[in-house]
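Protein chains in written order, with our numbering: chain A, 1 to 432; chain B, 1001 to 1980.
The set of hints was computed from the structure by calculation and includes no laboratory data.
Be careful, since some hints might not be right.
[Stated by the list, open to error] Subject to a maximum C-alpha distance of 25 angstroms in a straight line, what follows is the list of computed BS3-like cross-link-like pairs (lysine-lysine):
(1) A:Lys285 to B:Lys1788
(2) A:Lys377 to B:Lys1788
(3) A:Lys377 to B:Lys1733
(4) A:Lys282 to B:Lys1745
(5) A:Lys284 to B:Lys1733
(6) B:Lys1795 to A:Lys285
(7) B:Lys1795 to B:Lys1812
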Amino acid sequence: MSENVERVLFTEEMRKTHTILIPDMLPRHFKLIAAIMRNYGYKVELLQNCGAGVTENGLKYVHNDSCYPAQLVIGQFIDAIKSGKYDPRNVALMLTQTGGGCRASNYIALLRKALARAGYPYIPIISLNFSGLESNPGFKITFSLLRKLVYAVLLGDLMMRLVNQSRPYEVVKGSADELADSWTAKLADKLVNEKGYNYKKVRKEFYNIVNDFTALECVRVPKTRVGIVGEIYVKFSPLGNNHLEDFLVEENCEPVFAGLVDFAMYCVYNSIADYELYHRDKLKKIAFSMAYKYLIKKQHHIDEALTSTGVFRGFCDFDHTRSLIDGYIGIGMKMGEGWLLTAEMLELIDDGVNNIVCVQPFGCLPNHIAGRGVIHKIKQLHPEANIAAIDYDPSTSPVNQHNRIKLMLANMETGKSEEETNTSDTREPLSV
Amino acid sequence: MKEKIYCLGIDIGSTTAKLVLLEDGKIIYSSYERHGADPRRKICEMMSRLDSLIGDGSVKVALSGSGGMGIAEELDVAFIQEVHATAIVVKKEAPDAKTVIELGGEDAKIIFLEHGTDARMNGTCAGGTGAFIDQMSSLLHVDNDEFDRMSLEATQIYPIASRCGVFAKSDIQSLINQGVSKENIAASVYRAVVNQTVGGLAGGTPIKAPVVFLGGPLHFCAGLRKSFADMLGLSDSEAVSPEYDSISVALGAAIYSDGENRSYSFGELLTLFKSAIDDNKKFVHSAPLFESREEYDEFVTRHKKASAEYRDINKYTGRAFLGIDCGSTTTKMVLLAEDDSILFEYYGANRGNPVDVVKTQLEKIYELSGDRITICGSASTGYGEELVKNAFHLDGGLVETMAHLKAAQFFNKDVDFIIDIGGQDIKCFKIPNGAIDSVMLNEACSSGCGSFLETFANALGLSAEEFAKRGLFAKAPAELGSRCTVFMNSAVKQAQRDGAAVEDISAGLCLSVVKNALYKVIRVNSPSDLGKCIVVQGGTFYNDSVLRCFEREIGRYVIRPAIAGLMGAFGAALYAKEERLSKSGMLGAEELVGFTHSSRSMTCKGCQNACSLTVNTFSDGKKYVSGNRCEKMTGRADSVSRGNIYEFKRQYLTSLGGGEGEKISIPLGLEMYDAAPYWDGLLKSLGFSVRFSKLSTKQTFYNGQFSVTSDTVCYPAKLMHGHVENLIADGAKTVFYPCCSYNFKEEGTANSYHCPVVAYYSEVLNSSMNSLKSVRFWFPYLDLSDSKRVLFGLKKFFDGQGYKFSTSKIQKAIADGEKKYAEYRLAVRTECEKIISDSRERGERIIVLAGRPYHVDPEINHGIDTLVTSLGCAVVSEDGIEHLGGLPEVNILNQWTYHSRLFKAANAVTENDDLELVQLVSFGCGIDAITTDELRAILEGKGKHYTQLKIDEITNLGAVKIRLRSLLSALGGNKKGGRV
């Protein structure tokens, strides 16, 4: 079973011949990202395949003790290649690589091994990273591309937030998603085809989108808001979390997610913290401070748009969110989701969202620390917090996960009923 | 008269269904029954008995339990989450209760009632529940009542891994094989359940009395209640077992249903629930195992070809050879005639006591043999090899992989791959050139082995044979996944919920067994990986469904000898024959008459491993001690003391500390096993005295287990809680353990990270351990990769703490620390070089026991280092020989300091013939999921063996021993001779 895997580069010529496959982690964001990349001359396709084939191939070609996201993402790639839909000689795969002490920075290595085992050692893999880990002659992240990618993330965050706050209340079932889909298509088209579609226009678009969602027919009866935090893939990808968002909506709740831009700011901030804590690279600190300020400003822009019609709740200020971790976890805890995970839980509680599902791949290392590790303390200092830590894994049945989430929702109900019985003698409103 | 309204609560759990009928808030009927994997039919059956009670009245209904969720959705009736249901009942019936502990078939729950309701449920990876107790009692071949009664007569409790039922099971297995009494095992099982519930679930929240015990297992098992009360220190009045304890959830659901608006007549209700019984398969399933009866017949005929010769023992005269395979759950015996035909065979369960089983069969053999047959050789193999060999004075013993190889070669000389699925183990190995290579075993996890299928069959009220047969012609074998038993149980639950029949589950489980073996143990990519000529064996392959699934999954025909389950014994008999003795030294017929066997347990005081020993005494006065990790106290140690760098490191590290000045206490765990000399030198230089905690023991774990927040984090991390508790109990005022994202920078790495758990475990300790609030806990964030950065961090930290250390003083302290650290690393290297040259002189093998620095801890490695030396090899470590290798080319992002040492050490091994690498991997180590493949590639790329040992809280060294012995036998025995 020994193997020595040669790295295959994505060459300049491959830009024309090869289709780049991307796993669909965040449905809204990645559609836009794909559109932008097409605009830059890449042939790109987002993978939509799911089902037993994905898990099977993951199990077969990835070390079974590896994290669940690696198994899913790699399983999805191989399932797609085997499907016959693509010419294996003319595809490339793209995967994000964050770097850092989490084993997730080795997904690429795992994927490369898996491809070799599955008989496709010639397929090039492109690492999408911003820390100079691996580079390819045929794929360059230029400054202008990077800026466009930021637009996609911002627009994605905005729409995700809008859908989350609309879907539980929509009168016509599916209308919020439909609206978001039509906007995604429109934006993708503009990002690809419209000349001079710059940030000024994008920013204007924020308001157009918010206005459209404001006009969407909704009955805004109060519903319980449930926050979702955790490992980034399992948190966002319906494939990873067994459609958690849908489940919560069916359970009469409003799901609340922090945006992807928060994660970007977290990554950027870590280089600043590295300087503040240890006096590591000063130049890097200066550069990343600028990037951080840029992102903060951009998030304020979407926040302004989001709250402009008085219907939607905006984003929390990231500087404030970051400050919440004081006394819970150190800013130096920067592997995986690191301190951001703790910060997101605290941000939710700060915002009155006491019910939180903390999702993690089974055995996720950073989450031992920043997830499960701090929940005890959070509950001590915030007795109102109601947090369920749920593991995801190829063999965990959704029944089990749903039962645990229902338990959390029931805890919330009992908590609520106690408050109510203090004031009036009504029967417990228990229906879940 | 107003129409009578009844309230019906139904709780469908993983194994049982409970039903409660209330009239005016009083229970007028209740029942608790096993549903045998068919909950939908069962409820209807149970409900039909309510006819006369309800009569013309109407019924309100609510469902609860994991199995109830799906049905409630489907039928649109009320559903209440089970913990919530329990809370309703307890608050009504026992208002002053502070804590509820409820155990179900697969769930364990604690509900804290003091401040509102705070409920915890076991995570997805956690056994220690009702189904687990069922498994354990069937392992001991007693029913649950008997098991419970026995537990009350125990005299000693043995440590049993409490985290996961699967691990516990292997521990128990080894206790059984060691001859520990069933009474003690039963009580130890209960204690494991208690530890699991209390340690795993409470997560730092104190369990306050009165405690209400609920759920089936706590209802039926007095011993379990006692164990809980003992552990929690509860008086009789504080441990409450209400009469509704087994039906509490159903009762809660019934109370809850009162608030529903809808009510039904009895007829309506029954019709409604009957509509839930449907035969539409919605669960994921694969194709039937056999399309037709003909296909099955062809399959059977094909496999009949590999059969053994038999001879009538009553007519045979001459020499004979006996082989005994004392496995984990079954004992197998074969008596061979001179011409290798079988005279006698036996295959049966150990029933918890293999010695008795062997004795009975031996008597039978002697009786049948009369004066005609002389037994000229006997040998044993398997887990109980030593026990049986010592009890009956057998002539020899051999490692089971060798026994299997001998047997397989008998059937097919060209065999190049053997897979054996037994009761608890999956073993497989390649035979590239007639010698064993790449032994793979299912360590630390026995999911999907034979006993699992058997237990499942029993739970459904079927025999293993019947269960297997039903799977053959399943219309839709369920896809159940291939991981832990606990997960499989959940998957079965889900499939049942979606309408899978017993047939589909049987076939599905067989498929899971096969997939687990192929993708988890062997990690196969294609059939060509396995070999051309594959022999399958072990009792589990008697199951035709398993055999069929296996062939289909690898897309190739295999050979299943008709004596698939007897291969170990057959091989042992062949081995006995090779010995060419004139007469066996085994106990004769007369000696057997008076043969008795007793066992007692004691704790070894030879070293701080404190092994739980079982001393077996036989009627001839001969003793056999088991449970020992080394031979120190058993008198079997040989005179040569072999080099053991692990021992050297332990002595070096535990001699650190001391000094004058303000005391700083440091837990000796995780990174401290590498960096202790650094901090020792640094802190002393600053004028502190330093105190390290002692090496871990099991007690260390117990002392801290209550605050462990994540049950899936690695064992070395869990031990940290106990180390800190010990330091505080010892009067620590300041506890120090820094957070270091970046470790010391070493040559060739892309970065110098620690793993996230090692780097930040202080954060977990800080937020979860209440006892740390009473002391100062220092955990500054430091970057060890560069002394300037350490200086910056330390200066800032000590300034913040009000210590006025000058920059130059800290600078000097860092230099002192670095010097001490360099001395330590050099000492380890020098010692390793010395061990290597000494061993070379003696012609002994050298094992590089490679892992993380903290694997040196005896409680983490469970004495594997001494086990290696007792097998005749010297032990060196990865950090002692990495300098001999240099960094090889690796296919991963090489960014962790400790892991990078592994790659260099592996490279050194490839360059030295007499070095062999054995990697220790802690269960749950996410990063080793990446490094293990890489190490394998480096070693096997250069024609070396790769052996991996997974370790956890588990203390069963049986599998480890097999691996090591197989490795040594593959290497052609120890160079100095000495059979293994």
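Comparing the hints with the structure gives:
Proximity of A:Lys285 to B:Lys1788 is assessed by CA-CA distance (about 17 angstroms); at most 25 angstroms being required, the pair is judged to hold. A distance of roughly 34 angstroms separates the Cα atoms of A:Lys377 and B:Lys1788; the hinted pair therefore is violated under the 25 angstroms criterion. Taking the CA atoms of A:Lys377 and B:Lys1733, the gap is about 22 angstroms. The hint holds against a cut of 25 angstroms. With a C-alpha separation of about 20 angstroms, the suggested pair A:Lys282 and B:Lys1745 falls inside the 25 angstroms cut-off, and the hint holds.
Among the hinted pairs, A:Lys284 with B:Lys1733 is inconsistent with the structure: their alpha-carbon atoms are about 39 angstroms apart, more than 25 angstroms. Distance hint between B:Lys1795 and A:Lys285 is fulfilled; the C-alpha atoms sit about 21 angstroms from each other, no more than 25 angstroms. At roughly 12 angstroms between alpha-carbon atoms, B:Lys1795 and B:Lys1812 fall within 25 angstroms of each other, so this suggested pair holds.
This entry does not satisfy hints 2, 5, going by the numbered hints stated previously.
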